[in-house]
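Construct all of the structure, not just a fragment, from the sequences and the given hints.
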Amino acid sequence: MRAIAKRKIGTGLASALWNWLREASGDDAYDRYLDHRHEAAHSGEPLSRREFFRARQAGLWQGVRRCC
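For reference, each letter of the sequence shown is one residue, going 108 to 175 in the working numbering.
I should point out that these hints are in silico values taken from the structure, not numbers from a laboratory. A portion of the hints provided could be inaccurate.
[Said to hold, decoys possible] FRET-style restraints, in silico, Cβ to Cβ:
1. P153 x A131: 19 to 27 Å
2. C174 x D138: 31 to 39 Å
3. C174 x W125: 18 to 26 Å
4. E152 x C174: 36 to 44 Å
5. V171 x R129: 27 to 35 Å
6. F160 x G117: 27 to 35 Å
7. P153 x L128: 20 to 28 Å
8. R163 x W125: 34 to 42 Å
9. A121 x C174: 23 to 31 Å
10. D142 x Q164: 17 to 25 Å
11. R129 x E158: 17 to 25 Å
12. G117 x S150: 40 to 48 Å
Everything numeric in this text was worked out from a predicted model, so none of it was measured. Here a beta-carbon is modelled for each residue, glycine too, at the ideal position from N, C-alpha and C.
This is how it looks when you write it as structure tokens:
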């Protein structure tokens, strides 16, 4: 019985760590985008994962990016 409880705790910690890592790295951005659309009750089709990635990259890299 104790082994099962330890395994569940270990699995829960690993899952929490994995979720934190995805959030910290921005890997969960598309999932957060879909959650936001659902909560805000947006109409129309959401962007595909590929379209979302392209739009996000375009937003991050547009304009002049230099120090001087």
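Hints, one by one, checked against the model:
no.: 1; hint: P153 x A131: 19 to 27 Å; verdict: 24 Å, holds
no.: 2; hint: C174 x D138: 31 to 39 Å; verdict: 34 Å, holds
no.: 3; hint: C174 x W125: 18 to 26 Å; verdict: 36 Å, violated
no.: 4; hint: E152 x C174: 36 to 44 Å; verdict: 40 Å, holds
no.: 5; hint: V171 x R129: 27 to 35 Å; verdict: 31 Å, holds
no.: 6; hint: F160 x G117: 27 to 35 Å; verdict: 33 Å, holds
no.: 7; hint: P153 x L128: 20 to 28 Å; verdict: 24 Å, holds
no.: 8; hint: R163 x W125: 34 to 42 Å; verdict: 22 Å, violated
no.: 9; hint: A121 x C174: 23 to 31 Å; verdict: 41 Å, violated
no.: 10; hint: D142 x Q164: 17 to 25 Å; verdict: 21 Å, holds
no.: 11; hint: R129 x E158: 17 to 25 Å; verdict: 20 Å, holds
no.: 12; hint: G117 x S150: 40 to 48 Å; verdict: 43 Å, holds
Of the hints listed earlier, those the structure fails to meet are numbers 3, 8, 9, in rising order.
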